[in-house]
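For the sequence shown, position 104 (counting from the first letter as 1) is numbered 199 according to our numbering, and the numbering increases by one without interruption.
Honestly, the hints are just simulated from the structure, not real lab data.
Beta carbons: idealized from backbone N, C-alpha and C, even for Gly.
Hints are all accurate, no fakes.
With a cut-off of at most 27 Å between alpha-carbon atoms, the simulated DSSO-like pairs for lysine-lysine come out as follows:
| no. | residue 1 | residue 2 |
| --- | --- | --- |
| 1 | K137 | K341 |
| 2 | K277 | K137 |
| 3 | K293 | K338 |
| 4 | K338 | K137 |
| 5 | K277 | K156 |
| 6 | K137 | K293 |
| 7 | K156 | K338 |
| 8 | K341 | K293 |
| 9 | K137 | K276 |
| 10 | K276 | K156 |
Across the chosen pairs, the derived CB separations fall in these ranges:
| no. | residue 1 | residue 2 | range |
| --- | --- | --- | --- |
| 11 | A248 | L220 | 20 to 28 Å |
| 12 | Q148 | T126 | 15 to 23 Å |
| 13 | H165 | L268 | 22 to 30 Å |
| 14 | N254 | D166 | 33 to 41 Å |
| 15 | G218 | S267 | 41 to 49 Å |
| 16 | G266 | G218 | 34 to 42 Å |
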Amino acid sequence: MMTKKQLHFLLTIASIFLCQCSEEIEPNQYTYTAQFAESNIKIDGILNEDAWQNSETIALKHNSSAGVVHDSSTMTWVRTCYDRQNLYIAYECHDSDIWSEFSNRDDHLWEKDAVEIFIDTDGILNTYYEIQVSPKNVVFDAHLEIPTKTDDAEIIAFNVGGIQTAVTIDGSLNVHTDTDKKWTVEIAIPIAGLIEEKASVESGSWRINFFRMNHDIAGERPELGWSPTLGDFHIPAKFGVLKFNKGNHLETE
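All chains, full assembly: derive it from the sequences and hints.
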């Protein structure tokens, strides 16, 4: 007969084991393999290069619930690929009311429409990069540390060197009396510009998450994510995994 003390010990061990398993499984259920771009990508907001056609397309979900987005006016797709110099990311955001009035780098873009990328390149989950782009093609970029986060002065001071962005709009920006269709974002993030964590694709994988903020004049504000954090975006342990398809990369060395 097992004593209460022995039973308590076994239940404690089982609980620890289950927690460890859930921590290992949860981040990896969202994995994206980026293909190596064999030809140049022009950052113009038009996704007509072969590299984009050969890249997997993923749909964002409701970040608060991990539910599928059924509203066609807010559906959002993301693709990514890379070469020796850059990580390329493209967003296609369906949007019936495209809205962002910010004009300056590091403005609070998340308060209106914006796409957001969170990147951890060193596997140490208390620091990561945050990059945002608005429909007006304004950039916010920061290197953050949790739980203390980064103060405003540090956010303004940090820039990803050489980042390129472009936006095309199928509709009208900041006109609330018509119905828009979508806006498309194309981003080139220089790997050498991620200097705080000495990024390299040779590591084989990074942690990453893709988000979108949507803010309509009617007050609707759905928050979408690839690997849903079910609340606060700033939870690196819940980011997905970005793997680099190094086969083509090695062949071109």
